[in-house]
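Asker: Single-letter residue listing:
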Amino acid sequence: MSKKIEMDAKEQEWVRRAQQGDTQAFANLVKENQVFVYNLALRILSDPVEAEDAAQEAFVRAWLALPHFRSMARFRTWMYRIVVNLCYNRLPHLRRTLAELDYEDCSELSDVRSALPSTTTDPESSVLVEERRAFLHQQIDNLPQSYRLLVMLRYQEALPYEEIASVTSLPLGTVKTGLFRARALLRNALQGYEEERR
Amino acid sequence: MKAELPPENDLEAALDDALHTYPTLSPPPGFSDRVMVRVEATQGQRPIFSLSWLDYALSVLLLVMAAGTWLVWQILPPHVLAQVKLQILSLSLVYAQLAQIGRLHPILLLLAAMLLILAGLLLAGLLLIPKIRLLRS
Numbered sequence: 008m009s010k011k012i013e014m015d016a017k018e019q020e021w022v023r024r025a026q027q028g029d030t031q032a033f034a035n036l037v038k039e040n041q042v043f044v045y046n047l048a049l050r051i052l053s054d055p056v057e058a059e060d061a062a063q064e065a066f067v068r069a070w071l072a073l074p075h076f077r078s079m080a081r082f083r084t085w086m087y088r089i090v091v092n093l094c095y096n097r098l099p100h101l102r103r104t105l106a107e108l109d110y111e112d113c114s115e116l117s118d119v120r121s122a123l124p125s126t127t128t129d130p131e132s133s134v135l136v137e138e139r140r141a142f143l144h145q146q147i148d149n150l151p152q153s154y155r156l157l158v159m160l161r162y163q164e165a166l167p168y169e170e171i172a173s174v175t176s177l178p179l180g181t182v183k184t185g186l187f188r189a190r191a192l193l194r195n196a197l198q199g200y201e202e203e204r205r
Numbered sequence: 082m083k084a085e086l087p088p089e090n091d092l093e094a095a096l097d098d099a100l101h102t103y104p105t106l107s108p109p110p111g112f113s114d115r116v117m118v119r120v121e122a123t124q125g126q127r128p129i130f131s132l133s134w135l136d137y138a139l140s141v142l143l144l145v146m147a148a149g150t151w152l153v154w155q156i157l158p159p160h161v162l163a164q165v166k167l168q169i170l171s172l173s174l175v176y177a178q179l180a181q182i183g184r185l186h187p188i189l190l191l192l193a194a195m196l197l198i199l200a201g202l203l204l205a206g207l208l209l210i211p212k213i214r215l216l217r218s
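Line order of the protein sequences matches chains A and B.
So the first sequence is numbered by the numbering used here: it starts at 8 and just counts up by one.
So the second sequence is numbered by the numbering used here: it starts at 82 and just counts up by one.
If you are wondering where the hints come from, they were derived from the structure by calculation, not from laboratory data.
Taking CB as the label site, the calculated pair distances span:
1) B:123 - A:107: 34 to 40 Å
2) A:133 - B:123: 46 to 52 Å
3) B:110 - A:107: 38 to 44 Å
4) B:194 - A:57: 52 to 58 Å
From the three backbone atoms N, C-alpha and C, an ideal C-beta is built for every residue, glycine too.
Please take these sequences and the hints and turn them into a complete structure.
Answerer: And the structure:
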């Protein structure tokens with residue numbers, strides 16, 4: 008926890024210095040956030056070359072807009088917003104698809120993470136769990152871009168729903184509906200996988 | 082006989098596990114260096130907050146007006162000063178009478194407030210829009 012607070016303080020200092028034109032401080036911010044930014048771009052765009060270009064452009068835009076950055080917002084969240092907007096520009100259908108998601112009751116969408124049954128003592132079960140995990144990762148790769156974007160922000164970047172809504176410029180209900188449907192698609196695929204396996 | 086599927090909870094747990102362990106991919110080597118090359122290339126394009134001549138002119142005008150009012154107040158002969166005070170008082174009385182025009186009173190106040198807000202917004206817009214354009218360019 009104290010490490011996180013220390014990191015936040017360091018990041019704020021880098022942001023402050025970068026706002027005044029210190030490129031070394033900005034280089035530190037790039038190094039600290041490059042994995043998240045590149046990963047998000049790659050998962051949405053599905054093309055390493057385009058993802059690298061988009062991630063680089065996101066950092067350049069951040070540098071240019073940094074004097075207007077309000078340090079109340081977290082730098083990383085701000086970067087996510089820039090990346091998502093760049094992806095919207097590159098994939099015009101992405102925003103449309105997300106905006107067209109109808110509202111659905113998502114009361115089943117839980118914030119609590121279900122725990123896997125322990126398999127450490129059973130090697131056979133461990134292999135099965137690994138296989139199932141690999142299958143599901145492949146299914147996440149195959150999700151429509153709009154759902155993958157929401158899944159990335161929610162589960163990989165661990166953003167709260169409200170922050171995802173802010174980053175993607177979508178209503179909160181749309182975010183929840185998208186995540187609910189993404190989970191439903193994955194659940195169906197998993198059920199099919201389990202049926203096939205038996 | 083059809084084999085049973087794992088319980089619903091196990092499926093949900095497997096789903097959660099897969100979502101949270103979805104691998105993070107690292108950028109290609111030298112990524113941050115290439116970003117910094119592009120950043121360095123933008124030197125000079127970065128907007129810097131600066132005051133324009135209009136800001137200085139407005140500040141001087143406001144200062145002159147405030148100083149002028151204070152000076153005039155100081156150098157006015159006592160009998161003129163008394164007349165001015167009397168006029169202000171009578172104006173406030175006229176306003177107080179106007180404010181008592183029965184049912185029109187709240188509407189007039191509302192209209193006056195709206196006009197003042199509108200004038201304020203117009204003035205703010207006139208002063209701020211060129212500045213925002215300047216910063217964005």
